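Undergrad: In case you want the letters, here they are:
Number of protein chains: 2
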Amino acid sequence: MHGLFYPERIAVFGVSDSPLNLARNIVTNLDRFGFRGEVFPIGREGESLNGRKIFRSIEEVGPVPDIAVMLVPARFVPEAIESCGRKGVKYVVIQSGGFTEFAEASRDLESRVKEIARKWNIRFVGPNCISIINMENSLILPFVPLYPNETRRGPVSVAAQSGGIMLEMMQGLNFEGIGFNKLISMGNKLDLNENDYLEYLISDQETKVVGLYLENISDGRRLMELAAATDKPIVVLKSNTSPGGSRVAQFHTTALAGDDQVASAGMAQAGIHRAHNLQEMLDDLKILSIAPMRGGRLGILSRSGGHAVLLADAAHRYGFELAAFSEGFFDRIRREVRAGVISMTNPLDMGDIFNIAFYADIVESALQEEGVDGVVISHGAVSKNENEATREVFRRAGELSRQYGKPVVAVTAPRREEYFPTRELGVPVFPEADLAIRAMSLSRARNMMKERKIARAGRWPALNKSGRGQSRAASPAEAYGFLKSCGLPAARFAVVNGPAEGLKAAEEIGYPVVLKIGDPGVIHKTEAGGVRIGIRTPSALKRAFREMSRASGAREFLIQETAPAGTEVILGGRQDREFGPVILFGLGGIFVEVLRDVALRVAPVSAEEAGDMIRGIRGRALLEGFRGSPPCDTDSLAKYIEKLSLLLADHPEISNIDINPLILYGKGGGGIIVDAKMEITEKA
Amino acid sequence: MHGLFYPERIAVFGVSDSPLNLARNIVTNLDRFGFRGEVFPIGREGESLNGRKIFRSIEEVGPVPDIAVMLVPARFVPEAIESCGRKGVKYVVIQSGGFTEFAEASRDLESRVKEIARKWNIRFVGPNCISIINMENSLILPFVPLYPNETRRGPVSVAAQSGGIMLEMMQGLNFEGIGFNKLISMGNKLDLNENDYLEYLISDQETKVVGLYLENISDGRRLMELAAATDKPIVVLKSNTSPGGSRVAQFHTTALAGDDQVASAGMAQAGIHRAHNLQEMLDDLKILSIAPMRGGRLGILSRSGGHAVLLADAAHRYGFELAAFSEGFFDRIRREVRAGVISMTNPLDMGDIFNIAFYADIVESALQEEGVDGVVISHGAVSKNENEATREVFRRAGELSRQYGKPVVAVTAPRREEYFPTRELGVPVFPEADLAIRAMSLSRARNMMKERKIARAGRWPALNKSGRGQSRAASPAEAYGFLKSCGLPAARFAVVNGPAEGLKAAEEIGYPVVLKIGDPGVIHKTEAGGVRIGIRTPSALKRAFREMSRASGAREFLIQETAPAGTEVILGGRQDREFGPVILFGLGGIFVEVLRDVALRVAPVSAEEAGDMIRGIRGRALLEGFRGSPPCDTDSLAKYIEKLSLLLADHPEISNIDINPLILYGKGGGGIIVDAKMEITEKA
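Chain order of the listed sequences is A and B. No gaps in the numbering here: position 337 of the first sequence is 337 in my numbering, and each next residue is one more. Counting from 1 along the second sequence, just add 684 to a position and that's the residue number in my numbering.
With the rest of the complex left out, here is chain A:
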């Protein structure tokens, strides 16, 4: 994709010299920013723009453009792409709106665009986007007028599924002194999608941190693979989280694991930082652009006692320690204190130090302390004649942070842009104690993050994105067979058609037995009176058969062994349209049904990760031995979770599975699956 971001020659479709024309802004932006390649405006009416000839068609252009940018009405896009194909253009940026984002009727048009592009081997951005920016070569392609003082070259690249969000990130990164490297407005993602851009940005030397704004996820598994394989920090803001509405919650797992929770789980597994709003996204990009927090000891410097208290509260909330400053540190400060009214503590209240320039020296002294992993400087209420000195403190603090390899962040009154360093990267500035400490906490978490290993199944699980296809309930025999096939401890059972076979089976399995309806259609057997437990004799079994047949009309039955009492847990899984197979674990009974206390991962997972799931539920104490009861066999449980996750990954036709309960025994005792429901959906 290098050719898209580093073109030598650019064709711009849809240009005229009318002042209302939008495509002319593209040409003007390139000129204003001093793009050094050739630019060929194209428009039906010809004429000229900024002293540059407007070609009537791409055929008229002499050399072959590397990329073509289009801002023509949607219905003219296929023809324009066709002409690009004939000319030999390899990348197209379709800014035009009026596709499926507006009306479903445009689906045909989109198909046509895709087809033509495929024919000519053209890859394209959009449609319905404000296109791309590359600060390395002044490639400024949006149709909105942009100005050099609105941009700043920096280490962060962002791909956004919304032009408005892309512009806001641009403004924010510029304004806060971080800067950006490449910006992409992805539009409808008809061809290139976030994974394509991400793959490129990961390979891009100039990009140090990647931000993505996504309204849907094109292929969650590929996203995870890409993120897990790189050391570059990736921040994702995923919106569109309101639930889709009327989903039938016939399976626990479907009800317990909403799409958005799956997205959260998948991103966390891959080491992606999920931001929950634009402020968090910007804050995350800011903090990940500077030196990392390598430990948990903060030095807090504050001009106001109130802000010091708020920072100390936040430090405690996020699990930081307040570093113990050395005597040497305090000695250096005492020299500058006027009235002597200052306590030598951390947080350090600098309120009595009136020489603001000295603040930077204090920052340096704090960074020199061995026991300090990062510094927060709060400089709340600044009067206007202190702006210059404050800016200089922030600028020097940024230099010192780079020099000492430790993070420094500033907290200052919200929305006072005059404090922000305007010409170079200073410290990240936060309007609020809580946000500053939260950012430091992210930095530490990032630094402590283990290598991500995305477990792999035997075959790469296919996504069934349409969710279409015939679904059917598996019979108990089929479900239990699947489970046994992957080594899961399903209870011993036999399928029988009536009392005669039943008595024989019960003899083999051994009393007491359980009798269940075996017809695949009956999902909620207990509620339907289709389960009888504790049958101790043949005559009791015969009586149970009689009553169950009469009440339910069932023709197929299950005789099942009776599992000893133990701790109930549930396992489940389903296929997610964006991430594929998903696995879920929780404690049985009230914990799931009342408290929804479950752990969730994108499958497959390793036994180690399954262990994290087990330790991740709130009620974990119950498995670890609560009130003197012996601890459960969580090692076996972790293996069961791993095995089920592999089963789901290898069998995308299993659209839902619900193991409820699995009875778990003490260390070394394993467990027994007492009931399981399964739904099979063959791909349409």
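These aren't lab readings, by the way, just hints derived from the structure by calculation. Because the structure is a prediction, the values reported are computed rather than measured. Some hints here could point you the wrong way.
Here are the in silico distance ranges between beta carbons for each label pair [unchecked claim]: (1) A/Tyr6 with B/Val828: 33 to 41 Å; (2) B/His1000 with A/Ala229: 32 to 40 Å; (3) A/Arg335 with B/Glu785: 21 to 29 Å.
Residues from chain A that keep clear of chain B, each with C-beta distances beyond 10 Å, as calculated [claimed, not checked]: (4) Phe33; (5) Arg56; (6) Arg107; (7) Arg118; (8) Glu136; (9) Thr207; (10) Tyr213; (11) Arg222; (12) Gly271; (13) Arg303; (14) Asp331; (15) Gln368; (16) Gly510; (17) Gly619.
Where is the CB? At the ideal position from N, CA and C, for every residue including glycine.
Chain A is already provided as a structure; the job is to place chain B on it using the hints.
TA: Okay, now just chain B, sitting in the frame of chain A:
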């Protein structure tokens, strides 16, 4: 306190004409803002300032000042107050630092100041503060230079226990176009405290909304009473929430209800809005200054599709409905749409409307819709040449909000101060979708808030703020006696000193019985092997006595009736230093010990509020009848909670109580208290 905020004559202590003098800023501020009363600078060296004579002492001043402001070294404060007293001054503002906030050794100095003030009947602000501001009469008393363009008269008054926070609130309220009426920096609260200021601000006609920043709470009960009795919204940011450290968690309730949770509970009971950081505080003050959200139907207007999605997500998260716009509404919009590429939905994507002035018309149309309770307008990426038009939209939106009596808020790119209306109250502006919708949600919650009734005990519970005094464990007899005295269903029991008395008591109570150690010192009886349950015969009882005496050396025992099985709950309480008696309820066993699933209130509570507590725990389904078990007698439970809360309020000497468990039965069945521990602390 009217005299403090509306003085005619002001004496300012500590003034000199040295450029380094800080007190001169007070005089200059008053002059700069055009204060119309008389100002008398006082300083040992005399001379003059701004052409005004500096008096050498207050005696030299002719008329009696209404208030005196002091910025002299701490050690001179007593003498200065004494001179004010002799002169007849009624209010003093002590700005000087160097009191106990700096060194414990200054406690004597503080006592002296208090004593002298009391002698002369003087009330004072501070010490260690930057004093007060009243925009109504240009009373600008801080020692930091302030300028008229940094201030704006408005409906919000703030009292802050930090000068830095007061200044930041001042800047924020000014900057965001809301303005402020009275500002108070409370300092060390040696005399006047937050409740005194709150009481005054509630009575103050010009103050419509009150904000408090508190690092400690002087008297939580009075704060609750004041807040519950007024309709004025009160927002409190309470910091200093990190736990104090080494508290022995011998009682569940002590461990389960930290000081900060008590503060949260108490504020919520009184209808106070607790903000968690400065941004929330400012946001809350902003939204509570405009027309309230009277329902749950939002109209969302957005220039960018991405922001529309983020707003819709947030609306869903906060439980709002997206209003159904009428056809008439859409008709009015269609007239302005250029390319026709716009979906007629809510959120309305205004991206294709290029005439920004029309946005205000859309806001008006939305406000006219009967199905719309409030409007959010997002105007994310604004290019520089649109600033003027944007400001005008926000200004008109503010007017329209007042005209239609519905709230309008704006979301716009963070930290772009040029968008803020500078001369008059426009709409509140939020940098983030989530924050805007959160604010709307607060507005709705406020509007739906029921009248707060703070339950009262027989006598007004006294605070034991020192926490000092001798503590002792109550004997079981004493504890059970207390519980029975207030009508709580303690199990039948008898205190006995050995087997002979024990057998007699068991006969009366009826087998099976429970045998317990009765010595008051043994708190964790079960762990100490001091409880035997299910004793069915006299011989078994004798054996149990023998074993228990041998193992524990106990000399006092309890024979107790055996309660039938039921649902275990716990009740507890303790005395909080800031709020007095506190009551706590939770489900027994794992729910409390593993999940810490508890409800907490400042006592006393009514049975109705106790019902809210019961419905407020996560595991409430267990009480309502889970998996076919009959519902518990929650009516009786609510009455028990009420009674215990009254007991705690009437007996401040009960410093801790732990009822664990109370066994609860089905509807009408009541419950039985099976075990209770109690600690008594007599005031020092």
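Undergrad: Take the hints in turn and mark each one as holding or not.
TA: Hints, one by one, checked against the model:
1. A/Tyr6 with B/Val828: 33 to 41 Å: About 53 Å separates the Cβ atoms of A/Tyr6 and B/Val828, which means 33 to 41 Å is violated.
2. B/His1000 with A/Ala229: 32 to 40 Å: holds, 34 Å
3. A/Arg335 with B/Glu785: 21 to 29 Å: holds, 22 Å
4. Phe33: holds, 15 Å
5. Arg56: Nearest chain B Cβ is 23 Å from A/Arg56, so the label holds.
6. Arg107: holds, 16 Å
7. Arg118: holds, 26 Å
8. Glu136: holds, 23 Å
9. Thr207: holds, 21 Å
10. Tyr213: violated, 7 Å
11. Arg222: Nearest chain B Cβ is 23 Å from A/Arg222, so the label holds.
12. Gly271: holds, 24 Å
13. Arg303: It is violated; A/Arg303 is separated from chain B by about 7 Å at its closest Cβ, not greater than 10 Å.
14. Asp331: Holds: least Cβ distance 19 Å, greater than 10 Å.
15. Gln368: holds, 27 Å
16. Gly510: For A/Gly510, whose nearest Cβ neighbour in chain B is about 29 Å away, the distance exceeds 10 Å, so it holds.
17. Gly619: Given that some Cβ of chain B is not farther than 10 Å from that of A/Gly619, nearest at about 6 Å, it is violated.
Hint violations for this structure: numbers 1, 10, 13, 17, all remaining hints satisfied.
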